[in-house]
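**Student:** Just so you know, the sequences run in chain order A and B. Residues in the first sequence are numbered from 163 upward in steps of one, following our numbering. Residues in the second sequence are numbered from 163 upward in steps of one, following our numbering.
Treat the hints with care, as some may be off.
To be verified - Keeping only pairs whose Cα atoms sit at most 20 angstroms apart, straight-line, the calculated SDA-like set for lysine to any residue is:
#	chain 1	residue 1	chain 2	residue 2
1	A	Lys165	B	Asp257
2	B	Lys277	B	Leu267
3	B	Lys262	A	Glu258
4	B	Lys165	A	Val252
5	B	Lys191	B	Leu234
6	B	Lys165	A	Glu258
7	A	Lys192	B	Glu258
8	B	Lys236	B	Met163
9	B	Lys192	A	Glu302
10	B	Lys221	B	Gly316
11	A	Lys305	A	Gly198
12	A	Lys277	B	Lys221
13	A	Lys262	B	Leu317
14	A	Lys277	B	Gly316
15	A	Lys165	B	Trp255
16	B	Lys277	B	Val210
17	B	Lys165	B	Asp176
18	A	Lys262	B	Arg174
19	B	Lys277	A	Leu164
20	B	Lys165	A	Lys192
21	B	Lys221	B	Gly195
22	B	Lys165	A	Gly279
23	B	Lys262	A	Arg314
24	A	Lys165	B	Glu168
25	A	Lys305	B	Gly195
Don't read these hints as lab results, they were simulated from the structure. Bear in mind the structure is a predicted one, so any value in this text is a computation, not a measurement.
Number of protein chains: 2
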Amino acid sequence: MLKLFEYNWQVRQDWFAWCQDVSEEELLKKRTGGIGSILHTLFHIVDVEFSWISGLQMKPEFTEPFEPYATLQKVTELSARFHEEVRPFVLSWTDEMDSKDLTELTPKGEPVTFKYGEVMRHVIAHEIHHIGQLSVWSREAGKVPVTANLIRRGLF
Amino acid sequence: MLKLFEYNWQVRQDWFAWCQDVSEEELLKKRTGGIGSILHTLFHIVDVEFSWISGLQMKPEFTEPFEPYATLQKVTELSARFHEEVRPFVLSWTDEMDSKDLTELTPKGEPVTFKYGEVMRHVIAHEIHHIGQLSVWSREAGKVPVTANLIRRGLF
């Protein structure tokens, strides 16, 4: 489990570095599909990882909108701040936690239960999926995307 | 490990079903980014999963080009055929296999070594990443993409 989180964290840092050579206009430009802009997508990835991992720890989710964070510096800082809370939980993960139950309320107030292992894998897949969208948009912007390869990253 | 493969296989089947309502012209249309068309991307996902898993089993890779497979039916059939060979290996996976070495030759003939666990996670991330690209292209084609959610799929 940890290796795929480490992969996501490394790829996310590569995208933050990639963003430094791109204009704010290009980062905020409305795109087709997904969340709609490169920077909003990175914010969404940070938000969703933190909120689910907080849920697993019975801590409150992050509920703020994108607009107050709509600069590269602010999203990068948010990611770093949340990482300090996410990382220890991921590092402490054991296979036995896979089958623990997380019960949440739907917007309609109905209880819904997920397995902890289901949530962790959802968070992993969520980030990789959205990064795939960034790779298309980066080509639209005429830029080479960050490599998505998991091999050759020194993770093993 | 198995759960993320099962997720990918389920999402892939959802995309094959999605493709059935889309014209062949749209499926083969050259897109910006990635491999370049929806159908070629699905072929590439099938190819890469099979070739790496074959490598881990010391079996030959798949080396054929896309062109002879450039219909939805042929890519779907190839996916089903390869699945019969990939699935038993994934089902037989144990954590101890993570640290086994796979040595391959680069195009220049130089040996390069990967851990089995590294290759397995690379294959997982590879498919999710490319599916993220499909989600953008489907919006460009005016269609709602397959959900990328891992939760609520009955996997747990």
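**Student:** Within a Cα-Cα threshold of 20 angstroms, do A/Lys165 and B/Glu168 meet the stated pairing?
**Tutor:** Holds, at roughly 18 angstroms.
**Student:** Measure nothing beyond the straight line between the CA atoms of A/Lys192 and B/Glu258; if it is 20 angstroms or shorter, mark the hint as holding.
**Tutor:** Roughly 46 angstroms separates the two Cα atoms, so the pair is violated.
**Student:** Starting from B/Lys165, check that the Cα of B/Asp176 is at most 20 angstroms away, please.
**Tutor:** Status holds; Cα separation ~16 angstroms.
**Student:** Could you grab the alpha-carbon distance between B/Lys191 and B/Leu234 and see if it respects the 20 angstroms cut-off?
**Tutor:** Holds: B/Lys191 and B/Leu234 sit about 13 angstroms apart, inside 20 angstroms.
**Student:** Could you grab the alpha-carbon distance between B/Lys221 and B/Gly316 and see if it respects the 20 angstroms cut-off?
**Tutor:** 33 angstroms, violated
**Student:** Quick one, are A/Lys277 and B/Gly316 close enough, alpha carbons at most 20 angstroms?
**Tutor:** Holds: A/Lys277 and B/Gly316 sit about 11 angstroms apart, inside 20 angstroms.
**Student:** Given the hinted pair A/Lys305 and B/Gly195, is their alpha-carbon gap at most 20 angstroms?
**Tutor:** 10 angstroms, holds
**Student:** Take the C-alpha atoms of A/Lys262 and B/Leu317, compute the straight-line distance between them, and say whether it is at most 20 angstroms.
**Tutor:** 15 angstroms, holds
**Student:** Can the restraint linking B/Lys165 and A/Gly279 be considered satisfied, given a maximum Cα separation of 20 angstroms?
**Tutor:** 9 angstroms, holds
**Student:** For the pair supplied as a hint, B/Lys165 and A/Lys192, confirm whether the alpha-carbon distance does not exceed 20 angstroms.
**Tutor:** Answer violated: B/Lys165 to A/Lys192 is near 34 angstroms, above 20 angstroms.
**Student:** Just to be careful, I want the Cα atoms of B/Lys277 and B/Val210 compared with a cutoff of 20 angstroms; is the pair within it?
**Tutor:** 17 angstroms, holds
**Student:** Straight-line Cα separation of A/Lys277 and B/Lys221 no greater than 20 angstroms?
**Tutor:** Not satisfied, since the Cα-Cα distance of roughly 36 angstroms exceeds 20 angstroms.
The structure fails to meet hints 3, 7, 8, 10, 12, 18, 20 and 21 from the earlier list, while all remaining hints are met.
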